[in-house]
Each structure stands twice: as C-alpha cells, then as structure tokens.
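Q: Protein chains in written order, with this note's numbering: chain L, 1 to 316; chain R, 1 to 316; chain Y, 1 to 316; chain W, 1 to 316; chain Z, 1 to 316; chain D, 1 to 316.
The hints are simulated quantities; they were obtained by calculation from the structure and are not laboratory data.
It cannot be assumed that every hint is accurate.
A pair holds if it fits inside one copy or across any two, identical chains being indistinguishable in the list.
Mimicking DSS-like on lysine-lysine, the simulated pairs with C-alpha atoms at most 25 Å apart in a straight line are [stated by the list, open to error]: (1) Lys178 / Lys103; (2) Lys161 / Lys177; (3) Lys103 / Lys177; (4) Lys102 / Lys185.
There are 6 protein chains.
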Amino acid sequence: MYGYGDIMLFSGSASRDLAGEIAEYLSLPLIDYDLIEFPNQNLLPRLHGSVRGQDVYLVQSLNTPVHRNIMELLLMIDTLNRDSAGRITAVVPYMAYARSDKKDQPRVPIGARLLADMIEVAGADRYMTIDLHAGQIQGFFSIPGDVLTAFHLLSDYFIGKDLENAVVSTVDLGFAKKGRNFAAKLGTPLAFVEKRRAQDDPRARATSVIGDVEGCNVILVDDEVLTGGSVVEAVEILKQHGALDISLSFAHPLLVPPAVENLRNLPLKEIVMTNTVDIPEEKRLGNMTILSVAPLLGEVIRRAHEGRSVGELFNE
Amino acid sequence: MYGYGDIMLFSGSASRDLAGEIAEYLSLPLIDYDLIEFPNQNLLPRLHGSVRGQDVYLVQSLNTPVHRNIMELLLMIDTLNRDSAGRITAVVPYMAYARSDKKDQPRVPIGARLLADMIEVAGADRYMTIDLHAGQIQGFFSIPGDVLTAFHLLSDYFIGKDLENAVVSTVDLGFAKKGRNFAAKLGTPLAFVEKRRAQDDPRARATSVIGDVEGCNVILVDDEVLTGGSVVEAVEILKQHGALDISLSFAHPLLVPPAVENLRNLPLKEIVMTNTVDIPEEKRLGNMTILSVAPLLGEVIRRAHEGRSVGELFNE
Amino acid sequence: MYGYGDIMLFSGSASRDLAGEIAEYLSLPLIDYDLIEFPNQNLLPRLHGSVRGQDVYLVQSLNTPVHRNIMELLLMIDTLNRDSAGRITAVVPYMAYARSDKKDQPRVPIGARLLADMIEVAGADRYMTIDLHAGQIQGFFSIPGDVLTAFHLLSDYFIGKDLENAVVSTVDLGFAKKGRNFAAKLGTPLAFVEKRRAQDDPRARATSVIGDVEGCNVILVDDEVLTGGSVVEAVEILKQHGALDISLSFAHPLLVPPAVENLRNLPLKEIVMTNTVDIPEEKRLGNMTILSVAPLLGEVIRRAHEGRSVGELFNE
Amino acid sequence: MYGYGDIMLFSGSASRDLAGEIAEYLSLPLIDYDLIEFPNQNLLPRLHGSVRGQDVYLVQSLNTPVHRNIMELLLMIDTLNRDSAGRITAVVPYMAYARSDKKDQPRVPIGARLLADMIEVAGADRYMTIDLHAGQIQGFFSIPGDVLTAFHLLSDYFIGKDLENAVVSTVDLGFAKKGRNFAAKLGTPLAFVEKRRAQDDPRARATSVIGDVEGCNVILVDDEVLTGGSVVEAVEILKQHGALDISLSFAHPLLVPPAVENLRNLPLKEIVMTNTVDIPEEKRLGNMTILSVAPLLGEVIRRAHEGRSVGELFNE
Amino acid sequence: MYGYGDIMLFSGSASRDLAGEIAEYLSLPLIDYDLIEFPNQNLLPRLHGSVRGQDVYLVQSLNTPVHRNIMELLLMIDTLNRDSAGRITAVVPYMAYARSDKKDQPRVPIGARLLADMIEVAGADRYMTIDLHAGQIQGFFSIPGDVLTAFHLLSDYFIGKDLENAVVSTVDLGFAKKGRNFAAKLGTPLAFVEKRRAQDDPRARATSVIGDVEGCNVILVDDEVLTGGSVVEAVEILKQHGALDISLSFAHPLLVPPAVENLRNLPLKEIVMTNTVDIPEEKRLGNMTILSVAPLLGEVIRRAHEGRSVGELFNE
Amino acid sequence: MYGYGDIMLFSGSASRDLAGEIAEYLSLPLIDYDLIEFPNQNLLPRLHGSVRGQDVYLVQSLNTPVHRNIMELLLMIDTLNRDSAGRITAVVPYMAYARSDKKDQPRVPIGARLLADMIEVAGADRYMTIDLHAGQIQGFFSIPGDVLTAFHLLSDYFIGKDLENAVVSTVDLGFAKKGRNFAAKLGTPLAFVEKRRAQDDPRARATSVIGDVEGCNVILVDDEVLTGGSVVEAVEILKQHGALDISLSFAHPLLVPPAVENLRNLPLKEIVMTNTVDIPEEKRLGNMTILSVAPLLGEVIRRAHEGRSVGELFNE
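With the hints as extra help, turn the sequences into a complete structure.
A: Given below as structure tokens:
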C-alpha cells in the first residue's frame, strides 16, 4: 500500500547483536549475506536471495574497524541498489566521523559531510541514526533521515531514581546545551567541566568546574565514551569540588582501550548507556546498566515502512 | 597567472557601506549594476559591462529585507554566470537562516542547508562569510569557502583594555564553547547565563547564572544581536548576581527594533561590534565601538585572487 | 495502489482562498501549518502532524510579497521532504519570474530557470501550474509537471455570449499566437496592438493597431494584468481605431496598484478572469467575472493521485 | 593569462565550409580529426594530436543528417573531455530540435531541453549558437553560452537598400515579436500572415493577412527556411492582398527538398540569408544573397578566449 | 502493490517483431505511438493515451539506423517522463556503442559511457539488455538494470545435440573468457582464433589458431555478427587446421551487408542465434536456427513488475 | 599560464617510496601532512600550509590496509578542495576494487564504480592510474584521467633479452588480449593457461594449457601478483607441458602473504615487475627486477601541469 514490498532486515557485520534484537522486536527474520574478503582485503558482499522491490533496512554501526565497516555499508548499498531494492534505508546507530563536523582549524576536512555524500552516492534512499554528535550533521544529508535520540531512554531511567541533591554536569562545554536539556528534564541544577588549553604551553590543559557541585550527587553526561580519558578528568575535578556520588550517562559505548580499565578504576556509582554499538561480554562491568535501543529502532522501522508518524512516538 | 582575469568587486544593495570600505582597502573601483524592480516585485539585475573571464566578488549581507536580499544575490550569481564570469565568489558577511541549522524539533526544515543549496545551484564557485552561527554550516556547502571570524578583532580589542577582575559570560549556552575560547584568549574566568523553560509552563522561562560573577566586570559575548531581548535578560540576571561593569561584544549588528531602544536603556559600559551588516547613523549609540571587517575581507579577497594562503593572516 | 499514501492538501499563506476551494472540491480537509516569522524575517514552517509516505500537495501562488512567498514554498518543500513525504507536488497557480524567461538583452539573468532549479533543489517531485507566460518554461524543469491552462474556461465563457461582430485583439505581440488560438476557438477575426519604441527617443513609444477593429466589439486578451497600464494603452488605441464594446479577458489577476483604479476608469463592458491569485474583496469591481480554477486543479490533483489521465479532461 | 591554453578550432563534418571561413578570419589552422564509421554505423572520432589544457572550439551545425551530426558532436565532446581539454565550447550555429521547445500538445517530449542536457552531460563547458527558434532555449542550458543573432547582419543589409513603400511581414505569428523588431529597425510598418486551422476540418488551413500590404514592397521575414512551404503560402496570400515586390530574409538555410524548387518558382526579388548551415553550390539561386556569419563567430570566439566583452560587438 | 500501476509495453520502431512476441508471451497489448518525422529529420513521438503512474517498458534495439534509433529511445523516455509515468524501463536487447567501452588508443571517446549517461539524463529509471559486449558496461550506469544473457539459450541448444569430438572455438581473443564458459558448460576442449597485426605492416594481419582443432567438429562462438568478416577468416583458418564440421553460435544478429552473402558462402553446418535484433525474412538462410529471447524478456519484465527475483530464473 | 599555480606533490601514507622517486624526478619537494588517527580510528589529515590555487598531485596506491588508504585518499581530497586547491589530481598507481568491475554473478556490487564515484564526490578533478585490471574502468569515471600502462616498460625490458625460442603465456584467460599484445610486441607465439571449474565438483578446478609451449622458454604475464597462487598453478602446468625456462612479468606487486614464499619456491628464471606498490626490503628476492614507474608518472605529471601531450610519450 505504501509503494514498497515487505520489510527485509539485514545485519552488517558490525551490529549483529543489535540487529538481532531489532528482528526479535519486529518478529522478522534477520537476513544474512556472504561477505567475502579477498587476500588484498577487498570485500565482496553477496546476497542469498533477491531484494527486488522490497523495503530494505541494513543495520551497521560505524565503530571499529571503522573503515572496513564503512566500506561494507557502502558496498552493500550498491549491491541492494543494483539488485533493484524498492527502498534502501541505512540504519547506522553510531555514525563515524561525526566529530569531524566543522573546520575548527584551517586545512582539515569535514569528514562527516564526506561520509554523508558517500552514503548518498552509493545509493541509499534514507538513513536512520541515533544522537549525532551535532544535530547539524542531519543537514549534511540531502536524503531524508530519522535522527533519533536515546535522550528519553536515559533521562527516564534517572527520573525513576532518587534525584535528591542531584546536579547534572557535562563532561565538557561541547555538550552544554544537551546537558541543559537533561537537567531541565530532571529538574536539577547544572554545572560544566571546562577544559582550557594553557596560553603558554598548548600541551598543558587546565580543568575547572563552572557551577556548584559541592555536596551534590552528580549525573555526568556526554554523548559517547571512547577511551574514557575525559571522564577520568571530569570525575577527578568534580570530586575536588566536593561532589558526592557520581553516575555517568551516555549514548554510545565505543569503549576502546583503555576505556574499560579507566571506568573500572573510577568511583562511579552507576554507568548508564545504550547499545548503539555492540558490547562484548568482556567489556561489561558490574555497575553498568545497558538500555537497549532495539525497541526504538524497531518501532521506527515499522512506522517508516507503514508510512506512520515517528514523532508521535515521542509525543511530538 | 591564476586562471582568472582581474578582481571585479560588486556591491549588492544590502552592503553598500561595507563593500565601499573593501573597495577602498583594495584600491579598486566598486562596480555598480542596475536592479530593476517590477510592479510585481520581481527583480531584474543588469550589469553595466562585461565580466567575461574575470574574478568576480559580490558583497551582499543577508539581513532584512532578507528574502529580497537572498533573491538579489541569487539572480546576480545567475547573471554573472550567464555572462561567463571566470569565477564567482559570493561574499556574504552575515548569512541568513543560520539558526535553522538542525531539526531541534520534528517537522521543521533545515533552512541553512536549503540556502547553501540555492547558492550552489545558482552557480557560485566559492563563498566567503564571517562567524557562522554554527561552524557545521560550512559542511552544508560542497563548494569551497572562506569562513572567517571576527573573533580576533573583538578579543584583541579587549586585550588592549584593563581586564582586571574581568569575567567573560555568554548570553546563553549555545555560545558556550566560543565563549570559552574568548575567555581563554583574555585569560579570564568564564560564566554562563542559562535560560530554561519551566516544566509546568512552557511559556515561562527561568534565567540563572552558572559560574561566579559577583564583584566582577563582565564581558558579555554572543554572535549577533537581533532585538536585544536576550541581552536585556542577561544583563538583569548578571546584575542580580553582583556583576559590576558590563560590556557587550558581538559580531553581527542586526539591531532590528527594538534593539537600539533596548541597548540604549541598558547600563552597558561599552558595546563592541563589527560592521558585517551596514549600520545606519540612527542606530549608532555613544557607547558603541564598531570594528570594521573591511580590511579582513579585503585582504582575504586579495589572497584568494592571488592564490596565497589565507590562514597565514591568522598565524595559522 | 499507486505507491503513495493519501492526498494531503496544504495551503501556503499566499493561496488560502483558492486552496480552500480545492479542498471543498475534493471533499478533503485543508491542512494547516505554523509559519513562524522571527524578528530577522527568517521563516520557520512547522507541520502539525506527520506526512510520512503521503501524497502531499502544497498550494502557493507566487504573487506579492513574492520573495517571502517563494521562500515559504521552498522551506515547506524542504520540511515535507525531511519529514519523509511520499511525494511532494508544488501547486503554483501563478509562477513568479515567468517574464524573466530569456536574455532579451545582454547581462541579465534567466530568473525563471533559476526559480525552477530552486524548486527542484528544495526537493519537489512534481509541480502544477497554470498558463505559464511562455510554454518553454516547462522545459526549465527536469521534474515532470502539469502545466494547465485556463484557456478553455475563458474561451468557453465567451462562446456562451453573443459574438456577433466580434474581433479578438491581443494587448501586445507577445501574446500573438495565443490570441490567434483564442480567435480560432471563437471563430472571430484577429487584431493586435503593437507597441514600438521610437528610434530617436527610446523612452517614447508609438502604439498602433494591426488588423481591422473598426465597428467591431473587441475581446482584448492577455495572460495577466499587473498594473493595467498596457490595457489602458490598448483600450485607448482600439477606441481610436473605431472599436465599439471592449471586453477584457486574462488568466492571472495580479492587480497591483493602480490596477483597480485603471480598470475602474476604463469603458470596459466586462472583465473576465480567473482566481489563480486570491482576489480580496476590495479589488473586485462590478463588471468583473471571476471563473474559478479550483475545479480544474482539484480534478487534476485527484487524477495525479490516482494515476489517471489528465489530458482526457481536455479531450486530449 | 585567462586560464586556458591556445585556441584550437575543430570542424565537425557538418560545417566544413563555415569552420574554414572562421579559421581564416582568425588566421588559425582548422584542425582535422578522423571520424571512423563502422559497419553498424557506430562512429569513432579520433584526434590527431593532444588538446590537453587548450581552449577548444568545435563547430558543428545540427542540420541533416541530424542524428549522426548530434552523435558526432557528443562523441567529440567526450573525446575532448577525456583528452583533458582545458575548456570545450560547442559552436552550433544551427541548433536542432529547437521547435520542440514546449509541450503545445500533451504527451510529447521537449526535445530541445533533452538536447541541451545531452550536450551538458557529454561534458561541454560552454556553447555558442545563432538565432535560436525561441530565446527561452538558452534557459534549457545551465552552462553559460553565447546566443548570437544574425538580426543585425540581415537588417543592416536592408537598411542599405531603398526602403520606400516597404512593409515587413512575418511568415507566421510565431515570429511576430522578432518581426516587429525588424520593422522597427527599418522604420517600416508591419503585417503578419496568419494561418488558422479550420474548425470543421483540422486538415484545412485558412491563410490571411493581418495589417496592410496593398501596394507595398514586402520584406518577408522568418528564422529558417526548411522546405519553403510556408513561404509559398505567404507569398501567395501577400500577392492576393496587393503586395508588389517581395524579398525574403531569414537566418538558417536548411533548404531541404523541395525548398530550392519552391524558391526558384516564386516571384521573389531577393533572398537574403546567412550561412549557419553550409550551402552546397547546387542549392544556390541567382537571386540569393548569402551573408556570412563567420566574422561574427570568429570575433566572438576571439573575445571569449581573451575574456573580453561580446556585447560590445553589438554596442550593448 | 509494488508502487506502480500496470505494465504498459511499448515498441520502438526498431523492435516491432520482438516486442510483439513479448506482448504475446505476457498476454498484454503492445502499445503504439506516433513517430512524426519532420523534413529536417527531427523526430516527434506522441503517445495515444496517458501513462500516468504506470510501469512502462519500452523495447528498442539500437541497431541501424543507429542514431535515429537512439534519439527515438531518448525522446520517448523524455515523453514518458514528462507524461508522469510511474517507472520507465528502457528495454534495449542490443546496446549500441558497446565496443566503444574503453580507450584502447589515446584521444578517442568512451561511447558506451556516453550512451549510458544519455539514457539516464533522459530520465529512464531502469534498463534491461542482453549480452553486453563487456560486462563492465553495467558499471557505466548508475541506475539499476537487468543485464541478461542468451548464453543459456544457446548452450542448452547445443547440449541437446551430438557433441562427440566437439571443440569450442572463439572468433577472437576478446571472447576468450566467455568462450571458456561455453566450453565448460558443454564439457568440450577450447581453442582460439588469434588475429595479430604484423609488426612491419599494420594493415596486414596474421591469423592463427591456438589450441587443437584437428579432426574436431568446431562450435565457433562470438557475441555478435556484423558483416561476418571475422567469421570468414575464422572458418578459413580453422579449416586449414583440420577442423571438420563448423557450426556458428552468437547472440546478436546485426547482419549488415555483406553478412548474409558471407554466411551463405561459408561451409557452416548450422548458424544458431537469437532475435535480439529483428531479422527480416530476406536475411534468413536455410541453415539458420533462431532462438527467441522473447520468453526471457517477457518473464523478466513480469518479475520486475511484481518485485520477484529474476536470478531464480537461472537457478541463481 | 595554464590556469593553475605551481605543482604541489603530496605523498599519502601508502606510497612514500614511489612519491619520493617522483619528487626526485621532478626536482620538487615532496610535501608532507599530518595524519592524526583518533582512538576510534577516525582519521584527520591536516596540511602544513596553504594549497590555494595550486596544481596538487596526491600519490596514494590503494593496497593494504586498503580501506584506511581509501579513506585517507578521500579525506585528503576533501581537505585540498576545502582549502581551495586550484586543481586536484588523485595519483593512484594501483587502484583498489578493480576486479569488482562487473556483476559476473547476481546480487553483488560493482565496487570499482562505487570507488570511482567516491573519488569524484570527494572532489577530485582528475586522476592518474596504471594498468587498470580492465580498461573499461576508465569509463566508470566521468572526470578525465590519465590511464597509463607499464606495458612498454615491461615489454621493452624483455626485448633487450635473448628471446630465442620464447613464447608468451598468460596466467589465465582474463589476460588473453593483453597477453596477445605482449606477444605481438615481442614477436613470439602465444599460449594460455586455462582454469575451468569441474562440472560435478565446483570446488575442484582443472588446469590446462592452450597452445604449444613444449621446449620453449615461457614469459608468463599477468597484471598483478597477489598471493601468487595462480602463478604456482600456471608454472606447474607449463612445466608439465614441457616448458623450459619460465620468467614472470607483471605490473602490480601486491605480494600479500604467502606471495613471497610462493615465488621463492618456484623455479623462475626472473621476476620482472614495477613499483606501483611500495615493496619493502623483506619482500625482495634475488631474481626480482623492479622497473620504476616514477619517471613515467613524473613525466606525465609535468605534461599534465604544462598542458602538453601525454600520448606523445608513447609515440601515440
């Protein structure tokens, strides 16, 4: 009724766990494909069956190995396109190169725009993603997309907790406005960790806290945790400024080494995150709470397929 | 020697003053064109002479009347292109629709990307602009551009002043990172005015200060002043928090009513701004200091024409 | 059944009356949206609900304020596209910049091609319009469109009248071929008003009549009336050449001042026009007959939605 | 000095004579290339030497054999592009498909836009042409072009003659406005031949004259002569209306059979035309005057190469 | 159910016979259109009825008159597009310019890429073709396509024959890999005719056989027969090397003169080919077997329309 | 004089050795840039100085790590473009994904076209490469390029040797035509190694020799050596058919494990190859002769910069 055949849900090699959960949510089979790697590392995806006319969703997060994952995504889009898929949606829960979103120094690229162009030139009709580092990246695409947020998942989780004496703090100033929204949703005050390069020694960096955290329980928020280095700095300075319990909340668990070691050694009450990137067992700590984005993605895929509102999902 | 003829500098109807200063800086004539407006408001630009093969720069800020100014810009680009200009650079000191840079609510456009696409489809080869609301907007363009900043002009001005007991504060959290850079350049502490919508009444808004301004002289920074409403709120709350002298610094003097009245009534020590938008005499107040961006734009135009580094200008 | 969801009919701010009539014809609700105007005149349309997968028609004539209306149209197309509309049709009963369709002097733009490119780059899938100034403008679009004509409405109206002793005359030579078709349909002779710039004084203009109108009732035809200046000249010279009753017929009632005054003062038997542009009460004169294009547009929208022939409507 | 190497002038197989004259005007060699035709009619152009970085002009009119000539033009553009020409200008004195410029009936193509797209997709940077059937066709191209006119050549020729008692008449109403300009330049009155399909029998056609030619010497004007059928009709009806001497003036001498027979049999005082299409000896009649466009094209090529004004040529 | 209306099957003027067979296979009417040719050879296709929203297939092989056939194809695509067809598939059983697929000498075009670009710019959504000269040509298209093969038809035919003592030989080395596949399918040995330009005289050409054909029955394979010149050479040298019976097998029967004379005079046991190009009665010889590709094309059209797998057809 | 500033020669991280040799050939400095790799593997190239208006050549072969090398190439092109380089040429001596040049099975991508599109969308103006796996890949690009060949280097080397009793053999049938050209240049006979999948067991493969190698010295030719597996098979079967000395000649030394072990263990008289891919010391064997392509690339870069013929280099 809406111009395309049935939903066909494919999992790229980077998102087997998450795609499996989405398939379960939708009560649909997860469709497999061959991915041949030649000795020169060139990849060749090969579908097991036809996708002609169907409404195809390919789930592939762009975490490490990042360039192989990008190329697999693009080759699969080309494959689906040349096999005459009815509509191709690239479901990229974690987008790569999102921090390369502007020229904050001269003579550098804008990697996120390049990636958007590559996804479009490969032939994707639409994309879905979660919590882009900067909302403006949506404007790098000319194809329509669903840019979702795990904000509600994460903030609702904390609203269910005791928030007495709580203050929300961001890990750095780049997350200032989103931190404000988080604090507003929870009804708490707000603080920031500021990092500033020293004038005389660009390699030294002064860290300070702006706002009041003395005697407060802090919910430290950010969009992603990579090595955890910034979190370590933030927890240290917050403690110095008299913070009591500190919990950590973020969307994208990249957790590249030594992230797990860093997090293990910190006095964090709780680490709350989503599964936009598959998290192998060995990276899971006792104080981690993982909130699944699979119901969110599954529901949005269903609504996108049926031509129904996605905004409604969020009372928008 | 670099593939194009001579510089030809045109002024659109929105930037006569600034373009005149640039022409003076470059010791070049400012070239005029007819702009016929028919009774149905349709515009017809008409050049006085040929631009064939030349290196054309068209200066046009996109302040009010904004849509007429946009259309004049686009029609001129088409005119220059169809008259076989060698290279066309749209010099847009103030870009319109820059705050429509992301979908921060569902079912709205991304106006800044649309405008970038319109400038490209009209046939511009390059663009120049100053202090985009968000650096990511550069990624909305696929043509190359020089995105300049008045940051050095403004911060250097304050460095020449007595900065004892000074603190930099931003008007809101959207300017947090740029405010940090300003404070770092001046070597002062940092504070923020936070505006938060009330949970129970979305029309009410609570304003607070994050960081310490008690007994300090505040340099209040932002990228533009439109009606001045945010500045009024910020000055009020800063005074409540014990701020002493307050100076205001920003790049783009849009100053639409009642901005001048607002600024006149505020206890501001000094208002420091640039002339990216032409400022008529009647909008000038005694405590205003206007730093001209004409030497900056003129120098960049010269270097762009000669194929020399622009970054060098900023020791980059 | 034809690849898109239901018809959703939106009215832009320029065409509330006409869009309302179309909605009535189709027995469909007319869908509203917010159009926020910021103090810097930047516009922000915001939909009230989702258009995902639907077959959307946006009615917006491009009369004055022309540039605001153009930008509203383009921003809405971007909004609909980014909200994943199934198909977007720009219904522009009166197209702007249609007289800027060629370079009849050097160093001018081709505004109509620029506008077509802007509509395409904004993301429209199709367009509909009525009586383009030149049929070639259809070739400025690469997207398909329905270029309709009010010719049948207007000529059928006169065929129902007494045509004895009638002659069709055009207001100028630009309408010569369409005037011929009008005369052929009515079975009357044909004449032209010719305007010619004087050789020695380009500001003077000689007006004459080619063909015989002596003792005839004249139906004076054109595509639009803007200020009515040409009509005044034409009526005067026709009267000088012995015309008896003169009626006026045209498609687009732009009627910018002093059009109504001009028309009121002319000895016109009847003024027959359509409502491609909304006509406020105060512009309506006693001798005006307004033929609605709403049934035409409504029927074409229905057929476009259902995948049925539009040409059949005209026995073509 | 203007970004490209030297002029290289190529002649396509359709325009050997004209290109030769242009080369002579410019004192440049005319460059040859191989054009292999395989038994399946597929063409293979092959350059004799490199065009890398040069400013290439390819002269090729699109008269019969029209599709072979089009394909030769496109293949040569591709060849020049893949051989890294610095700039490629398609010089097409007579453009094909120019009468397929709008959908004057449903379910037909717009061939002229298609041809423009083909020339662009093949890789031309610019084009030059003479007296397009409709000026709007320039808007079908997004690349810049020089659309020249032989109007001055032709009208200046007649101005040098005795114009007493002269009237300009067009062959049909499609040439009405250009006929008016011709008459205005000569300072003569104006008339039109009108052709109208009969209401009851669409195959029958009534011809009449609008305007007064009784006792006048008529200069009959049009843009091209194909078979001469319209000219035959026009001369006949003009004679019936009392015309004395009739001269014929047009730009494009397509002259496909039986044009020469038609023209030979008509009582024409003089036939004045240009050589946008090569005219073999056997098509030349005693009363023909052929005005060469080679100096015009040569001069425009020189100015385009040197980045100088073309409009100046026409005191514009 | 799959986004488009009904199948509408059109036959271009080059493929009346084949399109008729496809229509019969699909039990669908073959839809006709007018193709007007003006005296200047410009073509004007005109549809008899609307194609709005329908799933249109246009069958047109690109044999001689090749450029007229190409232009008819492109004009029809433009016509269908501007008449708002739901989806347009260019069914081109024999693609022109396929041997112009690379620059095997400097300063030549890549005609096949140019043709692909022309088909795309005209507005085709998809294409179908059979046995491209080089598989890489599929990569010249960015739109999806079904590149089919008559390989199974031809090889299955021979499998049904007595293959004792058979060897497969290619006409030249360009067909080496496809010849290998043919031999592998039949389970026979393989040989090649090699043609080599002489070092000292580039016009002389030495022909030899690589592999063993002495005392064998040879199946000589190629993709197309144009004039038959290569076949004549091949048969001669194979006979010299002791070949017994020789049969000939190929997909595309271009058969331009003197192909039929050449084939008639050769001692060929059987000539097996398809009808991708219509074969008039006078080109048919007694030893020819023509295998129709109509069921193949018909079945693929049906599956493309219904969104079902095409690969399944070939057990893939 | 040719529209761009000076040559600026950059080396990507994959081609330090080759780029160094080219710089030496051209007596130009090799320009360095930073390539930052973040913990999430995202890359950030950063130039040391401006490239504004210059004629930039970036040398980067696409061997392993292939996807990182591809992304570095694309990011650098974006960087150069956004830094306003005058012209950007991607010099890719070895192109990746070149064997993914057609759909030789259903439901696979055409990786080489995808890669070409990615290079174009990133903003390259031109490309250079050596011995593409299939010449048709040049047609995947719409930007112009110089597709060079090491054929002359390699064949000239053998011509200088004693060729008595020599025969050229290809490693498989995919190289048949290029092998023929090699043999023709050397004036030797030709043979092929044929590999054929068994009908009954698709994993088994029969290898044979077509043509006569008994008692001959064989020059075994191919375009690249990856793991050397095919060479091992070919040498074995050639020896079985009585070949005497065997030499190996190819362009691209990918040499991924166990290539070096394979080659070391083979009874090869000589291994002749180029350095399109940097060859570390530990991969060099005693019987290897490495012919540098640096003079070829250097000379072509010089000619491309100066707008001189490249074909002349090869007497073409």
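Q: Starting from the hint list further up, note which numbers the structure goes against and sort them upward.
A: Per hint list: zero violations.
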